[in-house]
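Given chain A's structure and the hints, the job is docking chains B, C, D and E onto it.
Protein chains in written order, with our numbering: chain A, 1 to 287; chain B, 1 to 287; chain C, 1 to 287; chain D, 1 to 287; chain E, 1 to 287.
Please note that a few of the clues may not be correct.
Unchecked claim - Label-pair ranges, simulated between beta-carbon atoms:
#	chain 1	residue 1	chain 2	residue 2	range
1	E	Asn113	A	Gly264	47 to 57 Å
2	B	Pro27	A	Asp54	19 to 29 Å
3	D	Met224	E	Asn140	48 to 58 Å
4	E	Gln175	A	Glu118	24 to 34 Å
5	C	Asp266	B	Pro27	32 to 42 Å
Read the hints as simulated data drawn from the structure, not as lab findings.
Built from N, CA and C at the ideal position, the CB exists for glycine as well.
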Amino acid sequence: MIDYNPKVWFTFIFRIHKADTVRKLAPMFLALSVYSALIAFLELELLELSPNSDLKQITVVHSLLGFVISMLLVFRTNTAYDRWWEGRKQWGSLVNNSRNLAIKLNAILPASNTASREFFRIMIPNYAFGLKNHLRAVYNTEELEGDPKIQPDKHVPNQISSLILAHIHELYRQQQISGEQLLSLNPELQSFTDICGACERIRNTPIPFSYSVFIKKFIFFFVMTLPIGYVFSLHYLIIPVVVFIFYVLASLELIAEEIEDPFGFDANDLPTDTISANIRKHVAEIL
Amino acid sequence: MIDYNPKVWFTFIFRIHKADTVRKLAPMFLALSVYSALIAFLELELLELSPNSDLKQITVVHSLLGFVISMLLVFRTNTAYDRWWEGRKQWGSLVNNSRNLAIKLNAILPASNTASREFFRIMIPNYAFGLKNHLRAVYNTEELEGDPKIQPDKHVPNQISSLILAHIHELYRQQQISGEQLLSLNPELQSFTDICGACERIRNTPIPFSYSVFIKKFIFFFVMTLPIGYVFSLHYLIIPVVVFIFYVLASLELIAEEIEDPFGFDANDLPTDTISANIRKHVAEIL
Amino acid sequence: MIDYNPKVWFTFIFRIHKADTVRKLAPMFLALSVYSALIAFLELELLELSPNSDLKQITVVHSLLGFVISMLLVFRTNTAYDRWWEGRKQWGSLVNNSRNLAIKLNAILPASNTASREFFRIMIPNYAFGLKNHLRAVYNTEELEGDPKIQPDKHVPNQISSLILAHIHELYRQQQISGEQLLSLNPELQSFTDICGACERIRNTPIPFSYSVFIKKFIFFFVMTLPIGYVFSLHYLIIPVVVFIFYVLASLELIAEEIEDPFGFDANDLPTDTISANIRKHVAEIL
Amino acid sequence: MIDYNPKVWFTFIFRIHKADTVRKLAPMFLALSVYSALIAFLELELLELSPNSDLKQITVVHSLLGFVISMLLVFRTNTAYDRWWEGRKQWGSLVNNSRNLAIKLNAILPASNTASREFFRIMIPNYAFGLKNHLRAVYNTEELEGDPKIQPDKHVPNQISSLILAHIHELYRQQQISGEQLLSLNPELQSFTDICGACERIRNTPIPFSYSVFIKKFIFFFVMTLPIGYVFSLHYLIIPVVVFIFYVLASLELIAEEIEDPFGFDANDLPTDTISANIRKHVAEIL
Amino acid sequence: MIDYNPKVWFTFIFRIHKADTVRKLAPMFLALSVYSALIAFLELELLELSPNSDLKQITVVHSLLGFVISMLLVFRTNTAYDRWWEGRKQWGSLVNNSRNLAIKLNAILPASNTASREFFRIMIPNYAFGLKNHLRAVYNTEELEGDPKIQPDKHVPNQISSLILAHIHELYRQQQISGEQLLSLNPELQSFTDICGACERIRNTPIPFSYSVFIKKFIFFFVMTLPIGYVFSLHYLIIPVVVFIFYVLASLELIAEEIEDPFGFDANDLPTDTISANIRKHVAEIL
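If we strip away everything but chain A, and leave its shape as in the complex, we get (with noise of 0.2 Å):
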């Protein structure tokens, strides 16, 4: 995630950033600007198409459906949102439940359990770190401290749920945690998996293919045919004109596209990395 203060306008407004819609557009630009240019030519030059002809009429489609995508548009723009910001709150539960876990684990173990609290103290914050890798395909516990026999080749969050499981109910036969504690326990220890399945969902279910084609689809139709009708009213400024409609249509688009897998490493994904750290530093503070 890139981190801004988002009240200097001046410098969102010209400098072209390396995630900027603009950058990735710019070959279709290129393409659209030809396209109209020709179609200009095409009309106004080679036809010579008088200023009545019925062609001039078609932009009554893109008055009457110009709400049509814009409203598709939102809608795209909505879920994809929702998406990140779903994903950017799972991780902020990972967080509270990590804290959590160590704050009443603090709390319950006996201050003598060194061996315990040194266990939990590094697997905490490695499920953070496994969860991150494995949302990114990333198969290897590199970054895991401790030695904690975790196989890179099968589910590594549910590997490291598990020794922290086995742990608790281990010291629960032992009697150093009562029932109740126990019991006090449990929401955090659940939370990992459930945090782990609601990211590897976003990861994993992009908005429904028929919607993703059709927005395209219609970008693209809605766009190709505004030179064809505004060419006689608007003859060469129809390319600027073409190019900033294209500009705005497929910006939402692909930042929508961006966005909705939020946990890899485009711009605009979420700082997992940063969180993973904090997790580790701060469990590492109480414990």
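Using the frame of chain A, we list chains B, C, D and E on its own:
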């Protein structure tokens, strides 16, 4: 569900996919073309209506109501998508609860009790398979493992859930599971039936009949009256214009119809087969 | 609720269903036709107003406010639909909790205690039937099974819920249900009253009076002023135009009115009879 | 809250109800009429501006921003309605928890302990009455039953909640309530304070000041500049047009202001008196 | 947060408040006026472009995209408001949990244990003050009461939460709190860290960078191209028109920027000082 890379625009725009609404609507495109051509022929050549005919002004309906129809289609899209996404969340929740139950049982059950471990290793994934088929009205038990004495003519998920709970409470009576451990298993145990009920609700409750009728009637009259007025300015160009506007409006309704019941075999439906298989794989890794 | 196949467009479009708003609005269509014809006759033939009359410009109101009225109707549609859907969720939750309670009791109660099994097999579905009638203000106990000493003039669901809880705590005092088992039953036991309260809230709280008044007034003035301006361009064609626009706007309000209280006998209401019968069937299969 | 039958359109449309925004806005209608007439007189007769004056083109502002103002009013309407509906849900939740607490205590308390039954029969409904008055800043204890030693100058709901919890834990210490029964009562016991806090939050937090200012400024300038441009086409017809557009925009803001604090005595406010009385009635039926 | 009476329209409309966007945008208004005047001078007087110049038609961009920009600003407004409101809910939840914890501890702790009562009377409100300063990046412990050995350079809320939990579990080990009472305190105890994490999430996660950039770029180009086309019909009237449209669009972005981090010292921020003080007052009344 169709696996796709949302960033490859060109194949999206030019390939006509099996689930594409273009394919389904093709006969209607033809009918509408004929209808529009007839209207044009009638008004322009048979009746030779003047371009100032009152009929031309009928387009006021389309500009006043164009907004309402867009809003309705967005409402339709949102409610259908919400069901699809809620269905996906329920299946994500099934994944989480299956894993959590396996992780907890692994921590609780003595390593020696292989019979119970075996039982849960088989029955937890069986629930997912049973639910998947139940939602598709497929009444057989072929995909269920073990020999679970499930009667395919009764409610299959309820029977599996009942077997799991009976086994848990049996272990509790034998004191292999303590009271507090029983309580810590409770959220997962009751989640199965909650998930099943939520999926049944989504499958059995389409959008209220009145809205479904109203939207279809509205699209129909909106499109059928389009050529009457616009034929004066567009002449025979009215044919592609009407077809394109119908394509956009009807596609949104068609996609909504397809995704609002996300548990079947449609191209956009949820990959419940894959999810069930993953549950079986991951539970086997844990227990 | 009407069972229907959302994919059969033709019957949708041409059949006028019992619940169709066309049927309910027919008298208004007639009145509006007469009114529009009168306005047209008055302005065009009696007063012989010139096409440049200021009255023609009154249409500016309709284009400036056309958007506001659409937004309001969508707001109306969304809030009404949300109630309908929340009502459906509550009844889905009732299904889940009835099943879960039966499954848990089946696992907890000794097979020998047939009296208690019988009691719960009767009383759990009774709650659904009692709630269904309570929400319809039907005060009899005919559909309740057993001989439950329910007084129809008091709050029926509360009485059934009270009987169930008293029985559970009696079994707890007799130590047929352990403390932890009692706790594991708690979510289901308290859910009944929560569901009842939520349904009562939906039934008793329509959209705030001010909105209901404002939307109706707005539709009325919007439609009544339509012919005044548009009559100059549409002449007698104004009649079907006004009727169609009124049909669209009023239908949305009418459908919203119907579905915002989803527990009655209207065509779009929830199938609470069927759901109650299903609960009875499934609980009997389990217990 | 006003009880009404949403299906009687005619009385809605023609009766001007006490809470009707028409009544509140009447003085503004007059002022705006005078203002519009003045503008018309000035531009048309005093300055004799030609119909091609640049001023006529100022209407471009209204068509470009007409959409923004509608969106803002819908945003305003949605947030105000959400508070009203959340307030209603909180009071519905109070009903549910009061009933559930009574039903559970009825099942738990021995029939012989009439003192405690009497205590809860009085104190549970007292909470609703105390909260109702607290939210209206009515600081007396007249509606509270029994002799509860409540100090009206301190936080009344907190005191009642504290008395209830102290009594419950006293019964627990006397072993009339077992540990598991105490736990099963916990959700209801803590819900009271949660509901109180949620209602206080709704009452104390109107929409952010900046939005409130901005929307009012926007409506004002939008309406005040309307006659400047439209007077050329509408002449003195501008007067009813401006008044009607103002009526629509200002009504939405006025209704939103009224319902966003739903706990007072306004016509649209929630029927907290009736709900409190119903809680008293139903708790007395149960306990 | 600014305390205000939403019903006093006149002061709203004419007073320019400190937080008013008019004040912040004033320099931009000036710059835009000069820019628009320059464009007008250039096109109308220097180049003497004919009113039929192609440049006039560039307004087609503004009518086609006017809707998209409105939708985007509403999306921006909704997401910013949602954060503000979620922040408010979290602090409301902090109030509820502080009160509930105090009420429960008052019922549980023996009257004789004044030391523990004193401890919680001080520490529960300390959490609110610590969180308030933590969210403002104010690292001192001056507002904390007692002598709590809190290190201001570590995570302050975590330390306070840890002290509270350690004390509770100490009382549990001394059997002043029973196992069931410990469990009944669990929801409040873990809520503190959940609230802290949620507030940190809101503060640290503005809207994705791409949207922030895109909206600002879009507003900029939309406004800068406005005079090019409209100057032909509006002449020098273009100046106030451009300024007013910019005022509306930029205000929405500015307000959204201000409220999306609601924990600071901005005029619209949440009154966390007051809430913290209220928690201290109410907890002291209870315990």
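To see whether the hints hold, each was checked on the structure:
At roughly 54 Å, the beta-carbon separation of E:Asn113 and A:Gly264 lies within the given 47 to 57 Å, and the hint holds. The hinted window of 19 to 29 Å between B:Pro27 and A:Asp54 holds, with their beta carbons roughly 27 Å apart. Between D:Met224 and E:Asn140 the Cβ separation comes to about 50 Å, which falls inside the hinted range of 48 to 58 Å. The hint said 24 to 34 Å for the Cβ distance between E:Gln175 and A:Glu118, and at roughly 29 Å that hint holds.
For the pair C:Asp266 and B:Pro27, the beta carbons lie near 35 Å from each other, so the given range of 32 to 42 Å is met.
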